[in-house]
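Top line first, the protein sequences correspond to chains A and B. Quick note on our numbering: the first sequence kicks off at 1 and runs consecutively. Quick note on our numbering: the second sequence kicks off at 1 and runs consecutively.
Read the hints as simulated data drawn from the structure, not as lab findings. Keep in mind the model is a prediction, meaning the values are calculated, not measured. The beta-carbon is built from N, C-alpha and C at its ideal position, and this holds for glycine as well. You may find that some hints are simply not true.
To be verified - Chain A stretches covered by chain B per the calculated footprint, using a threshold of three residues with CB under 8 angstroms from any CB of chain B:
{"#": "1", "segment": "59 to 69"}
{"#": "2", "segment": "85 to 93"}
{"#": "3", "segment": "130 to 136"}
{"#": "4", "segment": "223 to 237"}
Take a look at the letters that make up each chain.
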Amino acid sequence: MGLTLTWLSVIILIPLAGLFLKTFELSFDQFWSIVTSRRTLNALKISFGLSFAAALVNLVMGTIIVWALVRYRFPGRRLFDAIVDIPFALPTAVAGVALTSLFAQKGWLGAPLAELGIKVAFTPIGIFIAMIFIGIPFVVRTVQPVLLDLDVEIEEAAASLGANRWHTVFRVILPSLIPALLTGFALAFARAVGEYGSVIFIAGNLPNVSEIAPLLIVIRLSEFRYADATSIAVVMLVASFLIIFAVNRLQRWAQTRIPAH
Amino acid sequence: MTMQSGLATSPTQLRVYAPTADLDVASPPSREQERARAIVSPRDSRTEPGPVRFVIIALALTFLTVFVVLPLVVVFAQAFSKGISSYVAALTEPEALSAIRLTLLVAAISVGLNLVFGVIAAWAIAKFDFRGKTFLITLIDLPFSVSPVISGLVFVLLFGAQGYFGPWLQAHNIHVLFAVPGIALATVFVTFPFVARALIPLMQEQGTQEEEAAISLGASGLQTFFRVTLPNIKWGLLYGVLLCNARAMGEFGAVSVVSGHIRGETNTMPLLVEILYNEYQFVASFAIASLLAMLALITLVVKTVLERRLDEGQIPSDD
Numbered sequence: 001m002g003l004t005l006t007w008l009s010v011i012i013l014i015p016l017a018g019l020f021l022k023t024f025e026l027s028f029d030q031f032w033s034i035v036t037s038r039r040t041l042n043a044l045k046i047s048f049g050l051s052f053a054a055a056l057v058n059l060v061m062g063t064i065i066v067w068a069l070v071r072y073r074f075p076g077r078r079l080f081d082a083i084v085d086i087p088f089a090l091p092t093a094v095a096g097v098a099l100t101s102l103f104a105q106k107g108w109l110g111a112p113l114a115e116l117g118i119k120v121a122f123t124p125i126g127i128f129i130a131m132i133f134i135g136i137p138f139v140v141r142t143v144q145p146v147l148l149d150l151d152v153e154i155e156e157a158a159a160s161l162g163a164n165r166w167h168t169v170f171r172v173i174l175p176s177l178i179p180a181l182l183t184g185f186a187l188a189f190a191r192a193v194g195e196y197g198s199v200i201f202i203a204g205n206l207p208n209v210s211e212i213a214p215l216l217i218v219i220r221l222s223e224f225r226y227a228d229a230t231s232i233a234v235v236m237l238v239a240s241f242l243i244i245f246a247v248n249r250l251q252r253w254a255q256t257r258i259p260a261h
Numbered sequence: 001m002t003m004q005s006g007l008a009t010s011p012t013q014l015r016v017y018a019p020t021a022d023l024d025v026a027s028p029p030s031r032e033q034e035r036a037r038a039i040v041s042p043r044d045s046r047t048e049p050g051p052v053r054f055v056i057i058a059l060a061l062t063f064l065t066v067f068v069v070l071p072l073v074v075v076f077a078q079a080f081s082k083g084i085s086s087y088v089a090a091l092t093e094p095e096a097l098s099a100i101r102l103t104l105l106v107a108a109i110s111v112g113l114n115l116v117f118g119v120i121a122a123w124a125i126a127k128f129d130f131r132g133k134t135f136l137i138t139l140i141d142l143p144f145s146v147s148p149v150i151s152g153l154v155f156v157l158l159f160g161a162q163g164y165f166g167p168w169l170q171a172h173n174i175h176v177l178f179a180v181p182g183i184a185l186a187t188v189f190v191t192f193p194f195v196a197r198a199l200i201p202l203m204q205e206q207g208t209q210e211e212e213a214a215i216s217l218g219a220s221g222l223q224t225f226f227r228v229t230l231p232n233i234k235w236g237l238l239y240g241v242l243l244c245n246a247r248a249m250g251e252f253g254a255v256s257v258v259s260g261h262i263r264g265e266t267n268t269m270p271l272l273v274e275i276l277y278n279e280y281q282f283v284a285s286f287a288i289a290s291l292l293a294m295l296a297l298i299t300l301v302v303k304t305v306l307e308r309r310l311d312e313g314q315i316p317s318d319d
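Make the full structure from the sequences, and use the hints.
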């Protein structure tokens, strides 16, 4: 018992406390000027903005994938179900080099896209693609069990009361999936914001254009500008705490909703 | 983490949704339902029209193929693009071998430590009530939600030359940062949640009755743990160890910050993938990457098997 707490504090609490203590060594003005410098602001904007957009794509595509996996039977369904976990399991650096080589100008997908005039690798679109890759299992694995457990009777009731399929899906089924959908969205968003390995290869890493916040932390560290690195880290950490807090709240909300129907 | 896949799906559950004739066999319709069906066509009300179904399946499969399958295929295609001999040559380079050795060492250290402390943490949380339990659970989950780069950064702040323990370590000539201990520490931090997370729900579900029985029959604490608790949680434990190991071997961001990238000394496999890639040694880079991809695939297969075991194991405890 005491051992657990000691170990946890040694391995988790002390390092994180160190991070905040380091930030308090700065005056607020110093902290503020670092965080609001053009390059930092742009990196944060790119990280949070693209993560949000990628999580939205994951939300829509994740729902479609869950629907196909749970509601329909087709050849290879089990295989595709297992495949969803690959972004969880594949080391991020491997995902990074693979996506880059796939979407590079001579890559399997990069070449046809280049003919259409779309450049993916080494642009913000590349970051966006990597973030979609890394986030998709979160939405699918959060929503899937809920759709599996959903009572068929509700649908039957809606149908027997004269609702057409469109109404049943959008007025009856989707609303009861909302807590799970939002949780999946938040998890995918949080993961994309902090993602490093799968993004940096494909990003191009041009300051102010395609430089994500975690990379800027690494750059500042290699320049021995510890204060800058720490300040950016604290901003990101606070943001991800807020997201986790929101997720926990969502899950509590979902639990109170279930007895209601 | 919700890693339970749809493999738990019971076939009967799916049959209900399938627009086939055994729908009626599965549940004989009541008179009210029959009347309702006379008004609304059952085909339209229970599932989507054929073309819609087709579009949804096509969208799902295309998306998964483009975003998940193709990247995986590319790794192997690139690794073998110059033939098997250059693939083997790339993997037997001294640099590659030293990276493989380091990765195995770091994974062994972090799996070992997290195994012991993950079990203790899960035991404490699942079997005892105490103040601050929610806080403890949040603490355990924390490494999942922190950017790997930040996980590495905190250890630089602690052990770096300007860090809190840096001067003391330097005075005693102990190398943590840019050396194996730092890499191991960062990996332990990042992989801490896996074992505890896999065990907590399992141990909570099993309750404390069996342990109480064992102790009242005169078993010592350790005997109770090894004879009663451990056999009950073995599949869950394996599941946690499996995911912990996969992440430990594949961790990139945190390790990259603390490693210092000393070639042949502090490069793990993922770091070597990056270095070789940036040097345009694509075959060598993808050869190492293919080993990691195989690790991921094996992990997924074993995970699927373990999930089935865990589902089966839950049936008797439900009774």
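Quick rundown of the hints versus the structure:
no. : hint       : result
1   : 59 to 69   : holds (count 6)
2   : 85 to 93   : holds (count 9)
3   : 130 to 136 : holds (count 3)
4   : 223 to 237 : holds (count 7)
Violated hints are absent here; each numbered hint is respected by the structure.
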